[in-house]
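2 protein chains.
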Amino acid sequence: MNFKVKNDTFLRALLRQPTEYTPLWMMRQAGRYLPEYRATRRTAGSFLGLCKNPDFATEVTLQPLDRFPLDAAILFSDILTVPDAMGLGLYFAEGEGPKFERPIVTEADVKALHVPDIGTDLKYVTDAVSQIRKALDGRVPLIGFSGSPWTLACYMVEGGGSDDYAKVKTMMYKNPKMMHSILEVTAQTVTAYLNAQIEAGAQAVMIFDSWGGALSHSAFHEFSLAYTQRIVEGLIKEKDGVRIPSIVFTKGGGLWIESIANSGCDAVGLDWTMDIGVARQKVGNKVALQGNLDPTVLFATPDVIRNEVEKVLSSYGYGSGHVFNLGHGISQHTDPENAAALVQAVHELSKKYH
Amino acid sequence: MNFKVKNDTFLRALLRQPTEYTPLWMMRQAGRYLPEYRATRRTAGSFLGLCKNPDFATEVTLQPLDRFPLDAAILFSDILTVPDAMGLGLYFAEGEGPKFERPIVTEADVKALHVPDIGTDLKYVTDAVSQIRKALDGRVPLIGFSGSPWTLACYMVEGGGSDDYAKVKTMMYKNPKMMHSILEVTAQTVTAYLNAQIEAGAQAVMIFDSWGGALSHSAFHEFSLAYTQRIVEGLIKEKDGVRIPSIVFTKGGGLWIESIANSGCDAVGLDWTMDIGVARQKVGNKVALQGNLDPTVLFATPDVIRNEVEKVLSSYGYGSGHVFNLGHGISQHTDPENAAALVQAVHELSKKYH
Numbered sequence: 001m002n003f004k005v006k007n008d009t010f011l012r013a014l015l016r017q018p019t020e021y022t023p024l025w026m027m028r029q030a031g032r033y034l035p036e037y038r039a040t041r042r043t044a045g046s047f048l049g050l051c052k053n054p055d056f057a058t059e060v061t062l063q064p065l066d067r068f069p070l071d072a073a074i075l076f077s078d079i080l081t082v083p084d085a086m087g088l089g090l091y092f093a094e095g096e097g098p099k100f101e102r103p104i105v106t107e108a109d110v111k112a113l114h115v116p117d118i119g120t121d122l123k124y125v126t127d128a129v130s131q132i133r134k135a136l137d138g139r140v141p142l143i144g145f146s147g148s149p150w151t152l153a154c155y156m157v158e159g160g161g162s163d164d165y166a167k168v169k170t171m172m173y174k175n176p177k178m179m180h181s182i183l184e185v186t187a188q189t190v191t192a193y194l195n196a197q198i199e200a201g202a203q204a205v206m207i208f209d210s211w212g213g214a215l216s217h218s219a220f221h222e223f224s225l226a227y228t229q230r231i232v233e234g235l236i237k238e239k240d241g242v243r244i245p246s247i248v249f250t251k252g253g254g255l256w257i258e259s260i261a262n263s264g265c266d267a268v269g270l271d272w273t274m275d276i277g278v279a280r281q282k283v284g285n286k287v288a289l290q291g292n293l294d295p296t297v298l299f300a301t302p303d304v305i306r307n308e309v310e311k312v313l314s315s316y317g318y319g320s321g322h323v324f325n326l327g328h329g330i331s332q333h334t335d336p337e338n339a340a341a342l343v344q345a346v347h348e349l350s351k352k353y354h
Numbered sequence: 001m002n003f004k005v006k007n008d009t010f011l012r013a014l015l016r017q018p019t020e021y022t023p024l025w026m027m028r029q030a031g032r033y034l035p036e037y038r039a040t041r042r043t044a045g046s047f048l049g050l051c052k053n054p055d056f057a058t059e060v061t062l063q064p065l066d067r068f069p070l071d072a073a074i075l076f077s078d079i080l081t082v083p084d085a086m087g088l089g090l091y092f093a094e095g096e097g098p099k100f101e102r103p104i105v106t107e108a109d110v111k112a113l114h115v116p117d118i119g120t121d122l123k124y125v126t127d128a129v130s131q132i133r134k135a136l137d138g139r140v141p142l143i144g145f146s147g148s149p150w151t152l153a154c155y156m157v158e159g160g161g162s163d164d165y166a167k168v169k170t171m172m173y174k175n176p177k178m179m180h181s182i183l184e185v186t187a188q189t190v191t192a193y194l195n196a197q198i199e200a201g202a203q204a205v206m207i208f209d210s211w212g213g214a215l216s217h218s219a220f221h222e223f224s225l226a227y228t229q230r231i232v233e234g235l236i237k238e239k240d241g242v243r244i245p246s247i248v249f250t251k252g253g254g255l256w257i258e259s260i261a262n263s264g265c266d267a268v269g270l271d272w273t274m275d276i277g278v279a280r281q282k283v284g285n286k287v288a289l290q291g292n293l294d295p296t297v298l299f300a301t302p303d304v305i306r307n308e309v310e311k312v313l314s315s316y317g318y319g320s321g322h323v324f325n326l327g328h329g330i331s332q333h334t335d336p337e338n339a340a341a342l343v344q345a346v347h348e349l350s351k352k353y354h
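Sequences listed follow chains A and B, in order. Using this note's numbering, the first residue of the first sequence is number 1, and each one after it goes up by one. Using this note's numbering, the first residue of the second sequence is number 1, and each one after it goes up by one.
No lab work stands behind these hints, which were simulated from the structure alone. Warning: the hint list may mix true and false statements.
Straight-line alpha carbon distances no greater than 30 Å define the calculated DSS-like cross-link-like pairs of lysine-lysine that follow [to be verified]:
| hint | chain 1 | residue 1 | chain 2 | residue 2 |
| --- | --- | --- | --- | --- |
| 1 | B | Lys99 | A | Lys251 |
| 2 | B | Lys282 | A | Lys251 |
| 3 | A | Lys167 | B | Lys99 |
Here chain A is said to cover these stretches of chain B; the calculated rule only asks that three of the stretch's residues, wherever they fall, bring their Cβ under 8 Å from a Cβ of chain A [claimed, not checked]:
| hint | region |
| --- | --- |
| 4 | 35-42 |
| 5 | 58-64 |
| 6 | 85-96 |
| 7 | 159-166 |
| 8 | 170-176 |
| 9 | 295-303 |
Keep in mind it's a predicted model, so treat the numbers as computed, not measured. Cβ coordinates follow ideal geometry from the N, Cα and C atoms, glycine included.
All chains should be built: construct the whole structure from the sequences, respecting the hints.
Below is the structure:
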């Protein structure tokens, strides 16, 4: 394996080391907005068919990098591979999003939960990581990822997506012990899973707490951040003498940015609602920041995109510690030309801040 | 009309005057969780049938007050009566939520927008206000309300509800002038509408910015708060020698609480994500705060509800300026007994803080 990364701007920014420009990648950069992705997905037959086959996963992971000069690759996978490996039976009903055959309803369901054997049950993921890392051949770093225990538990208890999280929040309020048991096993699993990705070649890891923002202040700290923090503490910090930075992204988590920054992570991901300059004032000396353009800006024109990119860059201001990203995944309805305009704008306009 | 309010605790709390306990009401307190509401709705035939008939609107507005000792009544209506009166043609497709026959798509659609004649086109609302006020006979104050221009514009451009606000945000980024024109006419309409409600008897008014939280920091200030502020400035401040307080509620607006508090309103409504004690530290001397229990707490048991109520009360702390509420509308799946437990807990537990 090639240990040298030709473009390590992303890793340096995460560690708040000097860079020549602001690196960027886009959440969901390998996705349906790219015609080449849609073609591979057709060949694979399904979304899970892409995730579970390391050849396909490698192919789609590299597609956006072949099109745009992005500064990082992210493993193509899905956060729900984890509860699937924990025995819940993930499937995708056409046009309905992810579902579980065996959602967690009773105490017996919780007791039956187990930390899966990552090397067996999630081998297809670690195989994909190794294969992508090899295929990248040091072009840019590879990011591994997982959902946070709270976010995974939302799906595990709701049995799929939800608008109001009524089931999982009712369990949390009515039976906090049961909720904590689920989160405990899930946190152990996620820690092992991310460490397996690091062993397989991931050079940075990101924890997606997509539904942390649905919680109250105190519930967020008790049921989401406490477990994220435990994972961060259990991560492999260095591999082959190179630091492995961690990023924690809580959608809707701006109000709690100080506590998130104190979780031990190297960088905090921001959605688009918080001014990144305000965020930097609050936590700038502790962590790097990743974000935070509203993805709907990409529905506008290259001129508007450039203007909005400049707003984010100037709000962050001078110096390192900023990884540019969208505040949420890129929409499937985005014109790839506008994604190209974004990448160009970030690279060009950010030089003056370094 | 009876100008004396027997229980004016709510009004005093909004003005940060001393009270004996923390007053409360619940967003969507007249709603589907109440069997008596469902019965009236069946008689009326439809949701709009309730809104447009002052007798029915009066009946359902008073139902929760007959059941629970709440400290305020809120006009039963819908925020979308405003775009309907502006000519968009509101209808409810069964099981699909609100829709508009003529959403705003082109510049010509924007040009065709007009400030409706409130006294004619929205007479059914002001009639309902007068009738409710008379029926209340001074029991508790009556709250009038409207959606914020941004929130109304979301529906007007999307043509109904939306998950990602792609249409309205694309318009905002691509054609900000067009967006501002819509917001301008809507703000004029909302100002006239709220003032007509005050003239008809509303003793406090609330502006619901339900979708302000979907915006970036700068877009929120430019496209949402600027128009809310203009409305607040244009409101009748006093009627018959009595101050008419205003409340601004931005769902997901915790990050911007200081700017919202500077809009000129008397109180800021909070969803459940922000710690109300932190909110008070940020703005406590400027405005009252209304909120902010997670409505899913009401799916738990009376003991849990009591415990969570105490958390909110103790986080706010000693003194006046707090109106207890949920952080969002009460769910239709709530057991009315649990709503009763909430009301009792707030009244009992809050005494020690006054």
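Check, residue by residue, whether the region 170-176 of chain B contains three or more positions whose beta-carbon lies closer than 8 Å to a beta-carbon of chain A, and give the verdict.
-> This one holds; 3 residues, not fewer than the three required, reach chain A with a Cβ under 8 Å.
Quickly compare the C-alpha distance for lysine 282(B) and lysine 251(A) to 30 Å and report which way the hint goes.
-> Since the Cα atoms of lysine 282(B) and lysine 251(A) sit roughly 23 Å apart, the hinted pair holds (cutoff 30 Å).
Would you check chain A against the region 35-42 of chain B, counting CB to CB pairs closer than 8 Å, and say if three or more residues qualify?
-> Answer violated; 0 residues pass the 8 Å Cβ test.
Taking a Cβ-Cβ distance under 8 Å as contact, does the region 159-166 of chain B have three or more residues in contact with chain A?
-> Since 3 is at least three, the answer is holds.
With a cut-off of 8 Å between beta carbons, are at least three residues of the region 58-64 of chain B near chain A?
-> That given contact is violated, which follows from only 0 residues of the region 58-64 of chain B lying within Cβ reach (below 8 Å) of chain A.
Verify the proposed pairing of lysine 167(A) with lysine 99(B), using a straight-line Cα cut of 30 Å.
-> This hinted pair holds, its Cα atoms lying about 28 Å apart.
Hint consistency between lysine 99(B) and lysine 251(A) [alpha-carbon to alpha-carbon, up to 30 Å] | Holds: lysine 99(B) and lysine 251(A) sit about 28 Å apart, inside 30 Å.
Given that the region 295-303 of chain B was listed as covered by chain A, double-check it with a C-beta distance under 8 Å for 3 or more residues.
-> Contact hint for the region 295-303 of chain B vs chain A: holds, 5 residues under 8 Å.
Within 8 Å of chain A (C-beta), three or more residues of the region 85-96 of chain B | violated (count 0)
Checked against the numbered hints above, the structure breaks hints 4, 5 and 6 and satisfies the rest.
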